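J.: With the hints as extra help, turn the sequences into a complete structure.
In this note's numbering, the protein residues as written are 9 to 134.
Since the hints were derived computationally from the structure, they do not count as laboratory data. Keep in mind it's a predicted model, so treat the numbers as computed, not measured. A few of these clues could be false.
Below, simulated DSS-like cross-link-like pairs (lysine-lysine); rule was C-alpha separation at most 27 Å, straight line [stated by the list, open to error]:
#: 1; residue 1: Lys-76; residue 2: Lys-106
#: 2; residue 1: Lys-66; residue 2: Lys-76
#: 3; residue 1: Lys-66; residue 2: Lys-109
#: 4; residue 1: Lys-110; residue 2: Lys-76
#: 5; residue 1: Lys-109; residue 2: Lys-76
#: 6; residue 1: Lys-66; residue 2: Lys-106
#: 7; residue 1: Lys-110; residue 2: Lys-66
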Amino acid sequence: MVALLRANRQTNAIVDWCVDALRAAHGRIAVRELERRTGYSRRHLSSLFRTHVGLMPKELAGIFRFQKYYREWAAGRAFDSLLPDLYEDYYDQAHFVKEFKKMTGYTPGRFGRQVANEFGRRILRP
9 MVALLRANRQ TNAIVDWCVD ALRAAHGRIA VRELERRTGY SRRHLSSLFR
59 THVGLMPKEL AGIFRFQKYY REWAAGRAFD SLLPDLYEDY YDQAHFVKEF
109 KKMTGYTPGR FGRQVANEFG RRILRP
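T.: Printed below as a string of structure tokens:
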């Protein structure tokens with residue numbers, strides 16, 4: 009996503025800063041915090057993101073947040089061992105499962121049974 013943003017060559021310092029902040033925090037920055045830090049309204053930030061990223065800030069935050077866990081899971085870490093950490097970023101396990109399904113089209117259990125982990129390794133390959 010970030011590579012596409014940079015390849016687009018339509019850069020915006022505010023968007024770049026917000027994307028970097030969201031990535032560094034694994035999506036754990038609220039949009040209102042981005043508003044406070046940049047001095048721009050939610051509406052203006054959303055407009056900039058729509059133009060330069062193609063997603064709303066909250067959507068990108070969700071991707072970064074999910075990516076953190078997906079990478080660990082695809083690398084072989086058992087889902088059950090991720091549960092304690094999930095509560096830092098998700099309200100509960102059901103919230104994570106909903107996000108997982110939104111991002112992959114599968115629940116974690118079904119994904120593990122029906123989609124080879126090779127798929128995850130290919131996505132995560134640099």
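J.: Does each hint hold? Answer for all of them.
T.: Each hint, compared with the structure:
Proximity of Lys-76 to Lys-106 is assessed by CA-CA distance (about 16 Å); at most 27 Å being required, the pair is judged to hold. In summary, the hint linking Lys-66 to Lys-76 is supported, as the alpha carbons are separated by about 16 Å, within the 27 Å threshold. Only pairs whose Cα atoms come within 27 Å are accepted, and Lys-66 paired with Lys-109 is accepted, the gap being roughly 17 Å. A hinted pair counts as satisfied when its Cα atoms are at most 27 Å apart, and Lys-110 with Lys-76 qualifies at roughly 15 Å.
Restraint check: the Cα-Cα separation between Lys-109 and Lys-76 comes to about 15 Å, which is no more than 27 Å; the hinted pair holds. For a cut-off of 27 Å, the pair hint linking Lys-66 to Lys-106 stands: about 15 Å separates their Cα positions. Distance hint between Lys-110 and Lys-66 is fulfilled; the C-alpha atoms sit about 14 Å from each other, no more than 27 Å.
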